[in-house]
Every structure is written in structure tokens, then in C-alpha cells.
Amino acid sequence: MKHSVRVKSLSKTFPSGKRALDDVSLKIEPGEMVALIGASGSGKSTLIRHIAGLITCDEGSGEVLVNGSLMQQAGKLAPDARNIRRQTAVIFQQFNLVGRLSVLTNVLTGRLGKLPWLQGTFGLFPHEDQLDAYRALVRVGIGETARQRASTLSGGQQQRAAIARALVQGASILLADEPIASLDPASARRVMETLTDVNRSDGLTVLVSLHQVEYARRFCARTVAMREGRIVYDGPSRKLTNQKLKEIYGSASEELILPDAADLVDEGKRRKRDTRAA
Amino acid sequence: MSAMNPVIDQLPPAPFRDRFGGWITGAVIFALLAWSFWPAEIYRAPYLITDAGNMAKYASGFFNPEFKDWKYYFWDLVVTVQIAVWGTFLAVVFGIPFALLSSSNIAPQWVVQPVRRLMDAFRSINDLVWAVLFVVAVGLGPFAGVLAIAVNTTGIIAKLFSEAVEAIDSRPVEGIRATGATPFQEIIFAVIPQVMPLWVSYTLYRFESNVRGATVLGIVGAGGIGQSLFELIRGFYYAETAALMLMVIVTVAIVDIISQQLRKVLV
Numbered sequence: 005m006k007h008s009v010r011v012k013s014l015s016k017t018f019p020s021g022k023r024a025l026d027d028v029s030l031k032i033e034p035g036e037m038v039a040l041i042g043a044s045g046s047g048k049s050t051l052i053r054h055i056a057g058l059i060t061c062d063e064g065s066g067e068v069l070v071n072g073s074l075m076q077q078a079g080k081l082a083p084d085a086r087n088i089r090r091q092t093a094v095i096f097q098q099f100n101l102v103g104r105l106s107v108l109t110n111v112l113t114g115r116l117g118k119l120p121w122l123q124g125t126f127g128l129f130p131h132e133d134q135l136d137a138y139r140a141l142v143r144v145g146i147g148e149t150a151r152q153r154a155s156t157l158s159g160g161q162q163q164r165a166a167i168a169r170a171l172v173q174g175a176s177i178l179l180a181d182e183p184i185a186s187l188d189p190a191s192a193r194r195v196m197e198t199l200t201d202v203n204r205s206d207g208l209t210v211l212v213s214l215h216q217v218e219y220a221r222r223f224c225a226r227t228v229a230m231r232e233g234r235i236v237y238d239g240p241s242r243k244l245t246n247q248k249l250k251e252i253y254g255s256a257s258e259e260l261i262l263p264d265a266a267d268l269v270d271e272g273k274r275r276k277r278d279t280r281a282a
Numbered sequence: 057m058s059a060m061n062p063v064i065d066q067l068p069p070a071p072f073r074d075r076f077g078g079w080i081t082g083a084v085i086f087a088l089l090a091w092s093f094w095p096a097e098i099y100r101a102p103y104l105i106t107d108a109g110n111m112a113k114y115a116s117g118f119f120n121p122e123f124k125d126w127k128y129y130f131w132d133l134v135v136t137v138q139i140a141v142w143g144t145f146l147a148v149v150f151g152i153p154f155a156l157l158s159s160s161n162i163a164p165q166w167v168v169q170p171v172r173r174l175m176d177a178f179r180s181i182n183d184l185v186w187a188v189l190f191v192v193a194v195g196l197g198p199f200a201g202v203l204a205i206a207v208n209t210t211g212i213i214a215k216l217f218s219e220a221v222e223a224i225d226s227r228p229v230e231g232i233r234a235t236g237a238t239p240f241q242e243i244i245f246a247v248i249p250q251v252m253p254l255w256v257s258y259t260l261y262r263f264e265s266n267v268r269g270a271t272v273l274g275i276v277g278a279g280g281i282g283q284s285l286f287e288l289i290r291g292f293y294y295a296e297t298a299a300l301m302l303m304v305i306v307t308v309a310i311v312d313i314i315s316q317q318l319r320k321v322l323v
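Those sequence lines, one after another, are chains A and B.
Position 121 (the first sequence) corresponds to 125 in my numbering; numbering is contiguous.
Position 85 (the second sequence) corresponds to 141 in my numbering; numbering is contiguous.
Don't read these hints as lab results, they were simulated from the structure.
Keep in mind that the hints are not guaranteed to be accurate.
Residues on chain B that point at chain A, a partial pick, calculated with CB under 7 Å [unchecked claim]:
1) Ala220
2) Ala223
3) Arg227
Label-pair distances were calculated between CB atoms; the ranges are [claimed, not checked]:
4) Pro19/A x Gly78/B: 31 to 39 Å
5) Arg73/B x Gly35/A: 55 to 63 Å
6) Gly147/A x Ser257/B: 31 to 39 Å
Simulated coverage check for chain B against chain A, where a stretch passes if three residues somewhere in it have a Cβ under 8 Å from a Cβ of chain A [claimed, not checked]:
7) 231-240
8) 245-253
Glycine included, C-beta positions come from ideal geometry on N, C-alpha and C.
With the hints as constraints, model all of the structure from the sequences given.
Structure follows, in C-alpha cells:
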């Protein structure tokens with residue numbers, strides 16, 4: 005079976021000399037929802053941006069395959085990287101919407117890779133595409149904002165609009181680069197629930213990088229943990245206990261354990277209490 | 057206690073720039089002014105007062121504007137505005153591609169540098185000089201004025217527009233790129249929406265400037281009100297000159313008001 009994402013011994017050294025990725029290998033099966041955790045600067049974003057084909061790895065270092073097709077190899081993007089990018093939708097920490105365009109148009113840009121070139125360039129989106137875009141917005145719960153400028157939305161709404169754009173793109177893989185890092189806890193949870201729903205109902209493979217391990221434990225079955233450009237843990241999220249984190253990260257593990265994620269933990273306890281009561 | 061709350065009786069040292077930057081800037085400006093004092097004949101400033109009588113006589117001619125030929129001049133003024141309309145339009149049409157090609161976040165350096173130098177050349181030659189050249193090339197009349205304004209303004213617009221493009225947020229561009237869009241579509245959907253308000257402002261401002269610029273193009277025979285203005289001044293028709301200048305002022309004011317309203321609607 006083809007892997008959704010296959011990364012083989014990928015390394016990346018930035019011009020500053022910092023080694024952001026150090027011989028990273030990773031396989032993700034279709035339909036998985038995988039959390040990618042690690043402290044700031046551990047290489048999470050760099051890895052995601054490589055998989056999306058937004059940056060290239062060191063010359064002669066490794067390769068990235070998406071659904072079995074080559075995205076990049078040995079420091080060069082594949083010639084048809086643009087076509088392969090359609091299969092991977094990306095959502096970003098800062099949402100990366102175009103503020104002055106309407107939310108609907110932002111979602112419709114997800115179709116650009118599919119439309120004939122000139123039609124896309126002039127923004128002549130077919131009516132059916134527009135309906136699809138609107139349906140995607142309703143689906144993520146912000147249908148009423150379709151005609152507003154994207155800049156008028158709150159952070160959580162913008163991130164859900166970005167998820168709608170990813171849905172409309174018809175990608176089979178959703179890469180989420182710190183999607184909740186700039187959101188308040190309630191918005192963060194809604195975004196994570198939307199991602200889970202997209203994973204379960206639409207069967208999209210989801211790779212989501214997170215700063216805090218609580219969200220990984222709650223929403224993702226599998227967690228990949230990074231440290232200084234290397235993968236240091238890859239396995240079930242529930243086995244990645246705080247104790248285990250301390251072993252991996254030492255005192256730096258505090259950064260990954262969210263002090264204000266108490267609500268998530270509390271909810272877990274409440275659920276346990278409820279089951280006991282029943 | 058004192059280890060935790062040390063006595064503070066000194067500020068951290070201020071950097072060199074904070075301490076001496078103001079003095080150095082002042083000294084440079086003073087040196088420039090002193091250097092230019094004699095060549096620019098600033099020493100003749102006292103004549104403004106000692107020869108005030110001459111000035112008054114000259115000025116008094118302007119206080120009785122003579123409007124009897126206003127209809128004739130009115131149509132000249134309309135042509136002046138029309139020259140500016142086409143000159144600005146052509147400058148925007150050609151300026152946008154040149155602006156994108158001279159933006160270092162869009163085009164590679166080996167394109168950016170030559171295009172920028174070309175735009176420097178367009179811009180550094182005044183539109184009056186371009187007008188002289190185009191009068192030779194396409195003959196006397198407004199078309200030479202349109203071309204002169206178009207070339208000069210293309211250089212200006214390319215620079216202003218590309219500065220706006222270089223200041224954009226790159227994240228939305230990446231968002232569009234990640235959908236599998238072509239580089240050209242990235243510009244249409246992520247770059248242009250971000251720079252549109254600035255582009256509109258710059259264009260309207262350049263249009264105002266071009267109306268002003270077009271009022272003198274007639275001096276070299278490139279159409280518009282300038283020719284009449286120049287002839288009146290050379291013929292010592294101060295009253296008529298005054299009337300014409302007032303009409304120019306009113307025209308520029310009207311253009312200013314209209315473009316401000318447009319800016320409100322468009323931006």
C-alpha cells in the first residue's frame with residue numbers, strides 16, 4: 005500500500021548554519037491522524053513545509069513522497085511539484101488568508117490548482133465550485149461569514165476558513181502547521197474538533213504540529229515527537245506520558261505541558277467520574 | 057535583601073546613535089546648506105526687501121484678472137486634464153508589469169536590477185524634457201504630452217508600486233501557493249489584493265501631479281494650457297495671466313476633490 009506521506013532521511017541546514025532537520029524519516033498511512041510535537045525550533049514547521057513542497061532540503065539529502073509521488077528529492081522539487089501540492093492542503097499558524105478578499109473567495113482559491121489556468125487567474129470560479137466552497141464554510145460552522153472580508157474574522161474563524169479552503173482543494177492529506185498556537189483555548193478546541201471531523205468523516209490523512217502534548221493525547225492516536233531536528237519518539241500518544249516527556253526533553257519538557265490545558269484534563273477526569281457513576 | 061534589590065543609581069549606557077546621532081545629522085544638514093549657499097545665490101535674498109517696489113508693481117498686475125477669453129482657455133484646460141488622464145492610464149498599464157519585475161520578492165535579482173535602472177532612467181528625466189523629445193518624434197500637440205507623462209510616470213509608478221509589493225506579508229502568498237496555484241495566480245490572489253489600496257492612492261496622487269505637470273507641457277508645444285500661459289507671460293499680459301493661473305488653481309483643486317472622493321470609495 006502507498007503511504008500518504010513518506011519521508012526518507014531528510015536533512016535541512018539553514019543558511020545561518022542551523023541544522024533544522026537531521027536525517028528525518030517518517031511514514032504516515034492513509035487515514036491516520038498524527039500529532040507532531042516538540043519545543044519551538046525543534047523542526048516541526050520545517051518538516052511540514054518540506055512535505056508540502058514549500059521549501060527544499062539539503063542537496064543530496066533525502067526525499068519526500070506524497071501518495072507515492074515524488075515531491076522533492078536531494079534538494080530539488082519534483083518537476084510536477086505544483087500538481088502534487090494539490091494533494092496536500094496546508095493550514096498555517098497565522099492562517100495565511102488574504103485579508104482583503106472575501107472569505108468565500110479565500111476558500112475558492114483552494115480550487116486554483118484544478119481550474120484551467122486562465123479561468124483560475126481571472127477568478128471565474130464555476131457556480132458549482134462556489135456552492136462547494138459555501139458548503140465547506142457551513143460545514144466548519146462559519147457559513148454566515150462567506151461574504152465578509154477575511155480580515156474581519158476572529159482567529160478561530162480564520163483558521164476554520166483555512167480548513168474550508170483545504171476541504172475545497174480536495175486534498176487527501178491535510179498538513180496543519182501549529183494551527184492552534186495563536187488561538188484561545190475555546191477556539192483551539194473547535195479547530196482541533198474540526199480537524200478530527202475532517203479526518204474521520206472525509207478520511208483525510210492529518211499531520212498536525214502542536215506545541216502542547218495535551219492536545220496530541222486528546223485528539224491524535226499517534227504522536228511523533230521531535231527534538232533538535234530529530235524524531236525522538238514515534239508511537240501511541242497515550243504512551244507519551246509526562247514522565248516519558250521528561251526523559252526525552254529534560255527540563256525543556258515543561259514547555260510542552262500546557263498549564264492552561266487544565267480544562268482538557270478536568271474534562272477527562274469528569275468523564276471518568278461520569279463512567280464510574282454510571 | 058540588598059542582593060535581591062540592588063541600589064540602582066546609573067542608567068545602562070546609551071548607544072552611540074542615541075548620544076550623537078542628532079548632532080551628526082544636524083552637522084550634515086548645515087554643511088549641505090553652507091555648500092549650496094553661494095551657488096544658489098541665496099545671498100541675494102535681501103533684494104526681496106530692497107526691491108520690494110518692483111515686486112509690488114509686478115504683483116499689482118495680477119490683482120485685476122481679465123477673464124474675457126475664459127471660454128478659449130477653458131477648453132485648453134480640459135485638454136490639459138485629458139492629457140493627464142491618458143498619460144496616467146498608460147503609466148499604470150506599463151508600470152504594473154515593470155513594478156512586479158522590479159520587486160525583489162517576486163522577480164530574480166538579475167531581472168530586478170536592470171529593470172530598476174531602466175525605471176530610474178524613465179523617472180530621472182523630467183516630463184518636460186521627454187515632451188521636447190516626443191515633439192520631435194510625433195510632432196507638436198497633446199499626443200507628445202501624453203507620451204511624455206506616460207514615460208516619466210511609468211518610472212515613478214514602477215518604483216512606488218514595487219515598494220508596496222516588497223512590503224507585503226508573504227504568508228498569504230504561501231497559503232495560495234500551497235493550494236497548487238501557479239506563480240501568476242499567487243500574484244493575482246495574494247499580492248494584488250494586499251497592495252491594491254496603496255496602488256490606488258499612488259495612482260490618484262500621480263494623476264493630480266500629472267494635471268499640474270501637464271499645465272507646463274504646452275511651453276514646448278506638447279499641448280494643453282501651457283502654450284497660452286507662456287505666451288501671455290512673455291507678452292506682459294499680466295491680467296490675463298492672472299486669470300489663467302486662477303483657472304489652473306481651480307482645476308487642480310477640483311481634480312484633488314474628485315480624487316479624494318474616489319479614494320474613499322475605492323480603498
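Comparing the hints with the structure gives:
1. Ala220: The hint is violated - Ala220/B has no Cβ within 7 Å of chain A, the shortest such distance being about 13 Å.
2. Ala223: Violated, because the Cβ-Cβ distance from Ala223/B to chain A comes to roughly 14 Å (cut-off 7 Å).
3. Arg227: Cβ of Arg227/B sits 4 Å from chain A, so the hint holds.
4. Pro19/A x Gly78/B: 31 to 39 Å: 36 Å, holds
5. Arg73/B x Gly35/A: 55 to 63 Å: 58 Å, holds
6. Gly147/A x Ser257/B: 31 to 39 Å: Hint holds: Cβ distance 34 Å, inside 31 to 39 Å.
7. 231-240: Three-residue rule met by the stretch 231-240 of chain B, so holds; n is 9.
8. 245-253: Our answer is that it holds, as 6 residues pass the Cβ test (under 8 Å) against chain A, meeting three.
In this structure, the earlier hints numbered 1 and 2 are contradicted, and the remaining ones agree with it.
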